[in-house]
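2 protein chains.
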Amino acid sequence: MRLEILPVPGIGDVTEGDDLAALIATAAPWLRDGDVLVVTSKIVSKAEGRLVDVPADGPERLAARDEVLATETARVVATRGATRIVQTHHGFVMASAGIDASNVGKTRLVLLPTDPDASARALRAALRERYELDVAVIISDTMGRPWRNGLTDVALGVAGMSALRDHRGEIDPYGNELQLTQMAVVDELAGAGELIKGKCDQVPVAVVRGYLAATRTDDGGGAATLIRDAAMDLFSLGTAEAKAAGLREAATLTDGPGATPADPAAVARAIAAVAEVVAPGTAFTHVTDDEVRAGLVASVPGWPEQATGLLLGAAPTPIDRADLVRFGTDVQRLRTALAAEGVPSALLPPPAGSTASACLAL
Amino acid sequence: MRLEILPVPGIGDVTEGDDLAALIATAAPWLRDGDVLVVTSKIVSKAEGRLVDVPADGPERLAARDEVLATETARVVATRGATRIVQTHHGFVMASAGIDASNVGKTRLVLLPTDPDASARALRAALRERYELDVAVIISDTMGRPWRNGLTDVALGVAGMSALRDHRGEIDPYGNELQLTQMAVVDELAGAGELIKGKCDQVPVAVVRGYLAATRTDDGGGAATLIRDAAMDLFSLGTAEAKAAGLREAATLTDGPGATPADPAAVARAIAAVAEVVAPGTAFTHVTDDEVRAGLVASVPGWPEQATGLLLGAAPTPIDRADLVRFGTDVQRLRTALAAEGVPSALLPPPAGSTASACLAL
Chain A
1 MRLEILPVPG IGDVTEGDDL AALIATAAPW LRDGDVLVVT SKIVSKAEGR
51 LVDVPADGPE RLAARDEVLA TETARVVATR GATRIVQTHH GFVMASAGID
101 ASNVGKTRLV LLPTDPDASA RALRAALRER YELDVAVIIS DTMGRPWRNG
151 LTDVALGVAG MSALRDHRGE IDPYGNELQL TQMAVVDELA GAGELIKGKC
201 DQVPVAVVRG YLAATRTDDG GGAATLIRDA AMDLFSLGTA EAKAAGLREA
251 ATLTDGPGAT PADPAAVARA IAAVAEVVAP GTAFTHVTDD EVRAGLVASV
301 PGWPEQATGL LLGAAPTPID RADLVRFGTD VQRLRTALAA EGVPSALLPP
351 PAGSTASACL AL
Chain B
1 MRLEILPVPG IGDVTEGDDL AALIATAAPW LRDGDVLVVT SKIVSKAEGR
51 LVDVPADGPE RLAARDEVLA TETARVVATR GATRIVQTHH GFVMASAGID
101 ASNVGKTRLV LLPTDPDASA RALRAALRER YELDVAVIIS DTMGRPWRNG
151 LTDVALGVAG MSALRDHRGE IDPYGNELQL TQMAVVDELA GAGELIKGKC
201 DQVPVAVVRG YLAATRTDDG GGAATLIRDA AMDLFSLGTA EAKAAGLREA
251 ATLTDGPGAT PADPAAVARA IAAVAEVVAP GTAFTHVTDD EVRAGLVASV
301 PGWPEQATGL LLGAAPTPID RADLVRFGTD VQRLRTALAA EGVPSALLPP
351 PAGSTASACL AL
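Protein sequence lines correspond, in order, to chains A and B. This note's numbering puts the first residue of the first sequence at 1, with every later residue one more than the last. This note's numbering puts the first residue of the second sequence at 1, with every later residue one more than the last.
FYI, nobody ran anything at the bench for these hints, they're computed from the structure. A couple of the hints might just be wrong.
Some but not every residue of chain B turned toward chain A, in silico, with C-beta under 10 Å [stated by the list, open to error]: (1) L51; (2) V52; (3) T152; (4) M183; (5) L234; (6) A240; (7) K243; (8) D255; (9) S299; (10) P318; (11) I319; (12) L324; (13) R326; (14) A337.
Heads up, the beta-carbon is just placed ideally off N, CA and C, and yes, glycines get one too.
Could you build all of it, start to finish, from the sequences and the hints given here?
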């Protein structure tokens with residue numbers, strides 16, 4: 001078994017309304033059943049008219065570009081300086097929503113195809129129906145990625161094959177069951193195509209021959225199956241954005257105790273975390289003795305039934321009005337440190353007769 | 001121009017001390033100058049003895065595995081459940097530091113090669129010196145990535161070619177200069193190799209023929225050039241970890257005013273952000289009138305010289321000790337919301353004679 005990667009030169013400039021199937025079939029009369037076509041998304045976008053007019057330069061161009069970006073953006077993932085990493089309406093996470101100003105006139109921007117899986121299916125169907133060619137089609141684009149420099153080409157859309165190759169459940173020669181080995185083969189095929197497209201000027205299509213024994217009519221969901229739901233992703237937000245979200249969460253911390261007893265070690269870590277920043281003399285005590293706590297709790301007005309822990313705060317004495325406000329800020333620092341440890345809390349008045357100035361129900 | 005991707009079958013089981021150059025040259029007598037060898041890191045690790053003994057099962061195995069992971073980890077990037085995404089000492093960000101239990105006996109774990117670029121250089125040198133073969137070598141491994149399902153193979157090490165192909169400064173046919181197009185071609189080559197390795201059982205080496213016109217003695221820094229410095233990366237931490245960092249930052253907020261005037265819109269957003277969670281009657285006012293501010297500031301004890309703004313907080317009246325503490329927690333909420341907007345602040349006593357209960361220097 002061996003693979004060949006072949007360029008399809010001679011396609012030329014693609015414009016709106018062009019018949020990609022005809023252009024490709026004419027440029028590559030040597031195509032065979034089972035070939036995988038790797039098609040640069042830009043020519044698909046151009047053929048489908050996914051272009052917008054913008055001024056050639058100046059602040060008007062930047063403003064128009066920002067407007068286009070906003071339209072193509074489902075949510076902002078991360079920004080730094082002029083860099084905008086966003087999730088598109090398709091679900092792709094890409095710089096500038098994949099909007100591209102290269103290989104197009106200076107007054108136009110190229111957007112991603114509206115539905116790259118549908119574009120791949122349409123091109124595959126046209127080649128089969130009009131040219132009796134049974135090929136798989138990958139629509140590819142160039143993306144950056146976290147943690148690694150350099151870009152690679154990956155698949156935006158696919159038809160005629162599954163996006164993933166699933167090795168789960170296979171047994172290696174040592175008798176170990178393979179775990180977690182769903183390979184994104186269409187991304188590897190897109191990258192393989194780029195190797196030859198990038199080396200040849202103006203080659204928007206590459207062919208991978210020898211990979212597929214046969215195409216599949218069932219696409220298994222297309223390249224959309226490669227999109228991980230943001231809720232499942234450990235990196236759904238940029239680090240700076242997530243830190244800011246943490247700060248906002250701290251500012252609007254919910255006032256309520258936890259449903260399960262707080263881990264004393266976590267409470268101790270939270271107290272230690274704020275020890276350096278609270279006013280001299282301010283002290284926090286986690287009351288862990290059940291009997292003592294029961295006695296104190298009985299005298300706290302409004303003690304919430306579900307609360308499982310008690311934490312007392314003592315302001316330095318003597319204390320005036322400004323000191324009490326300052327003490328309050330320290331209590332909120334502690335509540336935030338507790339939240340960072342996953343320990344919710346509710347602020348209450350101190351137990352009657354105690355020397356504490358505030359009480360947290362955990 | 002066309003590329004071929006060829007498997008190298010028949011290498012068999014690799015064990016510590018094996019001569020990889022001899023194994024590969026014997027299994028693939030058809031190798032040619034300019035070929036790119038994509039070598040699965042696992043056989044490099046095995047030949048180099050990067051294996052550790054662990055119990056075959058039970059909690060002892062998990063504990064031993066955790067210990068190995070800690071040794072291979074430079075820093076933890078993100079965790080969820082049993083998943084550990086870490087940065088290795090090489091700088092790679094990978095699940096479980098690339099430690100692998102597949103294709104090895106049940107009582108051993110395979111670690112990544114200590115220096116994959118050096119491994120690639122050594123293998124390339126051995127093939128050149130002992131077999132008169134001038135090839136490039138890529139050491140590859142399988143990695144997941146944010147935002148996209150499925151794994152792909154990428155390069156851990158390279159010798160005989162540059163990891164990146166740089167298109168910057170090239171002009172497209174429309175006269176646009178290409179921006180930001182450093183392609184990570186060794187990652188694409190590693191993925192292309194996986195396509196054939198994954199389809200053949202027990203094929204740890206693939207050959208990409210036709211990509212290089214000639215090898216380069218200057219590796220341009222190897223695959224290490226693909227490692228993005230965490231400080232430059234927009235996703236250096238998992239979202240949950242970064243949020244927790246934001247909460248910890250809030251808990252230990254520095255007490256100090258900004259060096260430049262606070263944007264009134266940002267201050268208004270911060271006040272609005274906490275409006276729903278502060279006690280009824282608590283009010284915050286950003287004093288933007290220069291003359292009024294000058295008068296108030298003159299009466300604030302300890303007003304910091306560099307402070308450029310004044311924000312007054314009024315507690316609901318009448319107010320007792322517990323209310324003042326509660327008001328303090330609200331002030332700290334506001335300070336945190338200001339920090340989320342990038343506005344530093346310092347807590348001060350209120351101006352003499354004003355009805356305010358606290359004052360923030362911005």
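Original post:
Does T152 (chain B) meet its interface restraint, that is, does its C-beta lie within less than 10 Å of any C-beta in chain A?
Top reply: At about 5 Å, which falls below the 10 Å cut-off, the nearest Cβ of chain A leaves the hint on T152 (chain B) intact, so it holds.
Check your understanding: Hey, does the S299 (chain B) contact hint survive, CB to chain A under 10 Å?
Key -> violated, 13 Å
| task | With chain A as the partner, please determine if V52 (chain B) meets the hint condition of a C-beta pair closer than 10 Å. | result | Hint violated; V52 (chain B) Cβ to chain A Cβ min 16 Å, cut 10 Å.
Can L51 (chain B) be said to touch chain A, with a Cβ gap under 10 Å?
This interface hint is violated because 13 Å lies over the 10 Å limit.
- Please verify that hint: A240 (chain B), Cβ, nearest Cβ of chain A, below 10 Å or not. A240 (chain B) check passes; min Cβ-Cβ to chain A is 7 Å, inside 10 Å.
Once the shortest beta carbon distance from D255 (chain B) to chain A is found, is it less than 10 Å? At 8 Å from the nearest chain A Cβ, D255 (chain B) passes the 10 Å test, so the hint holds.
| task | Have a go at the K243 (chain B) hint: is there a Cβ in chain A nearer than 10 Å to its own Cβ? | result | Since chain A brings a Cβ to about 4 Å from K243 (chain B), closer than 10 Å, the hint holds.
* **Minimum beta-carbon distance criterion (10 Å), A337 (chain B) to chain A** => This hint holds: A337 (chain B) lies near chain A, its Cβ roughly 4 Å from the closest one there, short of 10 Å.
Chain A contact restraint on L234 (chain B) - CB to CB distance below 10 Å = Result: holds, 4 Å to nearest chain A Cβ.
Hint check: 10 Å Cβ-Cβ cutoff, M183 (chain B) to chain A | holds, 6 Å
Discussion item. Would the hint on L324 (chain B) be counted as holding, given a Cβ-Cβ threshold of 10 Å to chain A?
Written reply: holds, 4 Å
Would you settle whether the hint for I319 (chain B) is holds or violated, based on the nearest Cβ-Cβ distance to chain A being less than 10 Å? With Cβ-Cβ at 9 Å, under 10 Å, it holds.
Checked against the numbered hints above, the structure breaks hints 1, 2, 9 and 10 and satisfies the rest.
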